[in-house]
Structures are given as C-alpha cells and as structure tokens.
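Residues per chain, in single letters:
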Amino acid sequence: MISIEGLTKAFGEFAAISDVSLTIPEGALVALLGPSGSGKTTLLRVIAGLEQPQAGRVRLAGVDVTDAPVQRRGIGFVFQDYALFEHMSVADNIAFGLSVRRESPHRIAARVRELLDLVQLSGLGGRAPRELSGGQRQRVALARALAPAPRVLLLDEPFGALDARVRAELRGWLRRLHDDLHITSVFVTHDQDEALEVADQLVVLDHGRIEQVGAPADVLAHPASPFVAEFLGGTHLLRGDVRDGTATFGSLALPVSGSGPARAFVRVVLDHST
Amino acid sequence: MRRALIALAFAFVAIVLIVPLAVVFAAALRDGIVPYLRAISNPEARAALRLTLVTASIAVPLNLGFGIAAAWAIARFRFPGRKLVVTLIDIPFAVSPVVAGMMFVLLFGAHGYFASVVHTKIIFAVPGIVLATTFVTIPFIARELIPALEARGPEQELAALTLGASPWQTLWRVTLPGLKAPLAYGAILCTARAIGEFGAVSVVSGHIRGETTTVPLHVEILYNDFQYQAAFAVATLLVVIALATVVGQRLIHRSSP
Chain A
0 MISIEGLTKA FGEFAAISDV SLTIPEGALV ALLGPSGSGK TTLLRVIAGL EQPQAGRVRL
60 AGVDVTDAPV QRRGIGFVFQ DYALFEHMSV ADNIAFGLSV RRESPHRIAA RVRELLDLVQ
120 LSGLGGRAPR ELSGGQRQRV ALARALAPAP RVLLLDEPFG ALDARVRAEL RGWLRRLHDD
180 LHITSVFVTH DQDEALEVAD QLVVLDHGRI EQVGAPADVL AHPASPFVAE FLGGTHLLRG
240 DVRDGTATFG SLALPVSGSG PARAFVRVVL DHST
Chain B
0 MRRALIALAF AFVAIVLIVP LAVVFAAALR DGIVPYLRAI SNPEARAALR LTLVTASIAV
60 PLNLGFGIAA AWAIARFRFP GRKLVVTLID IPFAVSPVVA GMMFVLLFGA HGYFASVVHT
120 KIIFAVPGIV LATTFVTIPF IARELIPALE ARGPEQELAA LTLGASPWQT LWRVTLPGLK
180 APLAYGAILC TARAIGEFGA VSVVSGHIRG ETTTVPLHVE ILYNDFQYQA AFAVATLLVV
240 IALATVVGQR LIHRSSP
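Sequence order for the protein chains is A and B. Number 56 in numbering that gives the first Met the number 0 belongs to position 57 of the first sequence; there are no gaps in the numbering. Number 164 in numbering that gives the first Met the number 0 belongs to position 165 of the second sequence; there are no gaps in the numbering.
Keep in mind the hints are simulated off the structure, nothing from the lab. Don't be surprised by glycine CBs; every beta carbon is placed ideally from N, CA and C. Honestly, I wouldn't trust all of these hints.
[To be verified] With a cut-off of at most 20 Å between alpha-carbon atoms, the simulated DMTMM-like pairs for lysine to aspartate or glutamate come out as follows:
{"id": "1", "chain 1": "B", "residue 1": "Lys179", "chain 2": "B", "residue 2": "Glu210"}
{"id": "2", "chain 1": "B", "residue 1": "Lys179", "chain 2": "A", "residue 2": "Asp179"}
{"id": "3", "chain 1": "B", "residue 1": "Lys179", "chain 2": "A", "residue 2": "Glu196"}
{"id": "4", "chain 1": "B", "residue 1": "Lys82", "chain 2": "B", "residue 2": "Glu154"}
{"id": "5", "chain 1": "B", "residue 1": "Lys179", "chain 2": "B", "residue 2": "Glu154"}
{"id": "6", "chain 1": "B", "residue 1": "Lys120", "chain 2": "B", "residue 2": "Glu210"}
[Said to hold, decoys possible] Here are some, though not all, of the chain A residues that point toward chain B, as calculated from beta-carbon distances under 8 Å:
{"id": "7", "residue": "Leu49"}
{"id": "8", "residue": "Gln70"}
{"id": "9", "residue": "Arg100"}
[What the hints assert, rightly or not] Here are some chain B residues the structure puts well away from chain A; computed CB gaps all over 12 Å:
{"id": "10", "residue": "Glu43"}
{"id": "11", "residue": "Gly177"}
{"id": "12", "residue": "Val239"}
Only chain A is shown next, with the shape it has when bound in the complex (with noise of 0.2 Å):
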C-alpha cells in the first residue's frame, strides 16, 4: 500500500504537486493520467525518493519513508527512456539489484534466468542492450526494476517511446504481468487509452492538483469536472442559456434550475450491451 498525504513539490516558482494526498491499495495497477506539466511525473519521483518534497508524507506498507533514500525505499523504477546501463549486458543489467546487495552468484543466476523468461527474453541474456528493439529494451528495464523483489512498481510513460503496435502489445502485456505477480504498481501516462484498458483505478492530475480519483469505468461515467470530461476525450461542449428553469442549447431544451449562461458536456456512448 502506497499512502501520500499532503504532499507539496516545488521547483522554483513553479509548483509542481500542491497539496497531494492519494491512498493506493496493496496489489493495485494504478494509473496516474493527466497532460504534460500536470504533476504526474514529479508525484511518481517523489514516491521513488529521486524527489524531495517541500511538505508531507509518502508512506509505504505503513512505513514512513518520506526521509528514507531512494535506496531504501524497495521500489522498483522503470525510466521512460529505459535508462539501461549500455556497457553490460542485458543479464548483467538484470542481476545488478541483486549484485549490489552481494547476493551469491548462483542466486543471483538462477533469478535473472527466472525473469528472462519472465519478459519472454530467454535466450537474449548475452546481448548488449543496443542490439535489442525498443519493446525488448523496456521489458529488459522491467525484469531489472523486478529482480531485487520491489514492493511498489513505479513506471514513468513506460510506453511512451514506442511505435503504436509495439505499444497496445505490451499494455495488454503489462496488464498479464500484474495480474500474475499483483505487485503494487502505479504508471504514469498521458493517454487515456492507456490508463483506460490497463489500469484498476485512474488517478486524474491537473496543474499538481488531483482532479479525480476512481476506476475507469466510474471516471468515465461520471467525470467530476469539466476538466476529466474534456481530458477523457469524446466530449462535446455545449453553450446555452438557462431561463424560466429550461436551459436552451440550439434545439435542445433541459429542465433545470437557476439562470443565466450555461455549459453542457456531452458525450456519446456506444453500448455494446445492445
């Protein structure tokens, strides 16, 4: 269980998280959604401890680690960019968690066989990390964040440098992944389809506030402001008038209460129920 209780970030003038507080379940797949400059990234690192926040709490499994270093926080992190190490290779590269905690090599060589196949990357331990695709890189950057046994996944814009196909093969795989292991994992993303189809429960940011917290299909339901229900996208905006308790958009009439201008959001459902 991840707990962030008002948490502040600040980088100069700007404030990148104000006043944050978010509670995510043991085992969840969460997704922290929002556009670019919407704090995710920074609530994400300050999680991971490669952040320091101005104010509050981070808490993991009941833990305050808040002072802890990044070090001592057992998460585990993938960059966006893979960040893998270049000069070792990919079993190298996924015994390195492990190795810098002087675990004995045959531990050490059984779990990174264990995690090759994990990722479906069995047999490619002995490449250098620039001989592999951009899809092998990230699930190599996956298998090393999981090898010292994390209790908290961190992934910022895990699919984020990937061509489109590449992409939907390897949410749909994430998703498996977790399903399996129901390691704690929070992404982060700017597309709503991603957070849609992979994750339990949606974490809606704007300009370092959180706007709405819930699972997909409750968000899309029931966006709780303008802002989610234009960010969830397939929104439309009305503007009318509301008199004598109807509010006029064109030719569409509602009945309501109050007076004066007036915005609708509209969206279409298809509901493949029918």
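Keeping the supplied structure of chain A fixed, place chain B upon it in accordance with the hints.
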C-alpha cells in the same frame, strides 16, 4: 583544384611534421647505432627518464582523481560558483607554463610565502617538478569528462540508485565504466603533456644534472653543451612517446561507438 589542395595538404604535413621528425632520427643516428645507444643509456639520461616517469606517474593519477571529482560535481550538481570552477579549470591552458613555474617559486621558494610553513625542499627539487607538472596538466582529463558526463545524462545513475546501489557502487559500476573512452583519451593526453612539459618544469627544476632534470630538460642541457648527437638521441625518446600517444588516440576513437 581538388588535386592542388590535396597536394598542398600533403606538402604542408611533410614540411611541418614529417621532415622535422625524420631529421631528429637522422641526427640521432648520424654516428651510427652505438653512440645512439650510449647517449640514451648514459646514467644522466637514465636518471632523467626515471624522474620523468616518476613525475608522470604521480601527476596523472592526481589529475584523474581531480578530473573525475570535478566533472561529477560540475555535470551532476548545480551549486554557486559552478561556472567559476569550469573557468578556473582552464587557467593552466591559458597561463604560460613559465608563469606557472614562477608562481610555484614565489609560493614555495627559499623566500616564498609558504617557505616558513613548508620545511621540505620543494623548489629545485622533485616535489616542485611534480607540482608544476600537475598544475600544467590539470585541464586534460576534466575537460574530456565534463562534456561526456553531461551528454550521457543522469538516468543510468538514478536507475542504479533505485536498484539499491550506494553512491560509491554507482560511481564504480555505472558512471566510470560508461566513461571508458573519454577517461582513456584524457589520461593519454595528460600523460603525454606530463612527460613533455618543459617551461614550468624548467623554472622550478634548478637543472641539477642527474637529480632534477627531466628528459626535456636533459635534451636542452645536452644541446647547449654542443652535444648535438646525444641531444637528438634523447629527443627520439620524446618523439616515440608522442607518436605512441597519437596512435593510442586513434585506437580509442575507433573502438568507442
């Protein structure tokens, strides 16, 4: 036009580089191989070679350590005075080596500012030669490492930290192995200059034969003594080192991706 330019380039290289180098060897071997071998195996020449190698083997590791520390600090952290440090690193390139030597005489000489503090003999002795050489060769390694480290970005190092590596493990297992080519390149340039340095060393050395003369100083002494053949014979040692440096550079450039 094209041919003329190529011919011009070759002619220039021949006149300015190859002919002078060939002349050094011709003059060194003028009287045959025996006087040549005698000149370079003479006790004073051997003492000079030993002092040169000792100096380089102290100055180069010192500047490796300094270069790595400075490059890491400059490329990875933002601190007040950072730009100043970047500029200061270049000072040994900008200052004439003779001036550098004189600075050390002023500081550590018999009547220097630190004379009352430091009681070991520094000027006209080996420590002064090592100090002057280290000063003159400061920029070589740091100058190679700073842009390489900046171009590579911090992601691999951050990845190592998230995997539980300590800062030291990160430095030894991720940062430095990724900088092999610029490290080797900087170290080669630094070594070549440490061996060949004349001006700064000449000022602080005192030219005590067999004691405080390095190879370049020994060449000058022989030359001023009208022992031309011996001077050129010893000079061939420096030429060989210079050629090895150039070949080493080419090899590193070719092997690095």
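Here is how each hint holds up against the structure:
Of the supplied pair hints, the one linking Lys179 (chain B) and Glu210 (chain B) is violated, its CA atoms being roughly 36 Å apart against a limit of 20 Å. Of the pairs offered as hints, the one joining Lys179 (chain B) and Asp179 (chain A) is violated, with about 41 Å between alpha carbons and a cut-off of 20 Å exceeded. About 43 Å separates the Cα atoms of Lys179 (chain B) and Glu196 (chain A), which puts this hinted pair outside 20 Å; it is violated. Restraint check for Lys82 (chain B) and Glu154 (chain B): not satisfied, since their Cα atoms lie roughly 23 Å apart, outside the 20 Å limit.
Distance hint between Lys179 (chain B) and Glu154 (chain B) is fulfilled; the C-alpha atoms sit about 18 Å from each other, no more than 20 Å. A threshold of 20 Å between alpha carbons decides the hint, and for Lys120 (chain B) with Glu210 (chain B) the separation of about 13 Å falls inside it, so the pair holds. Taking 8 Å as the C-beta contact cut-off toward chain B, the hint placing Leu49 (chain A) at the interface holds, the least distance being around 6 Å. A hinted interface residue such as Gln70 (chain A) counts as satisfied when its beta carbon comes closer than 8 Å to some beta carbon of chain B; here the least separation is about 5 Å, so the hint holds.
Interface hint status for Arg100 (chain A): upheld, as the beta-carbon distance to the closest one in chain B is roughly 6 Å, under 8 Å. Distance check on Glu43 (chain B): its Cβ is at least 46 Å (rounded) from any Cβ of chain A, clearing the 12 Å threshold; non-interface status holds. Not every CB of chain A is more than 12 Å from the CB of Gly177 (chain B) (nearest about 6 Å), against its label as outside the interface. Residue placement check: Val239 (chain B) keeps its beta carbon more than 12 Å from all beta carbons of chain A (closest about 32 Å).
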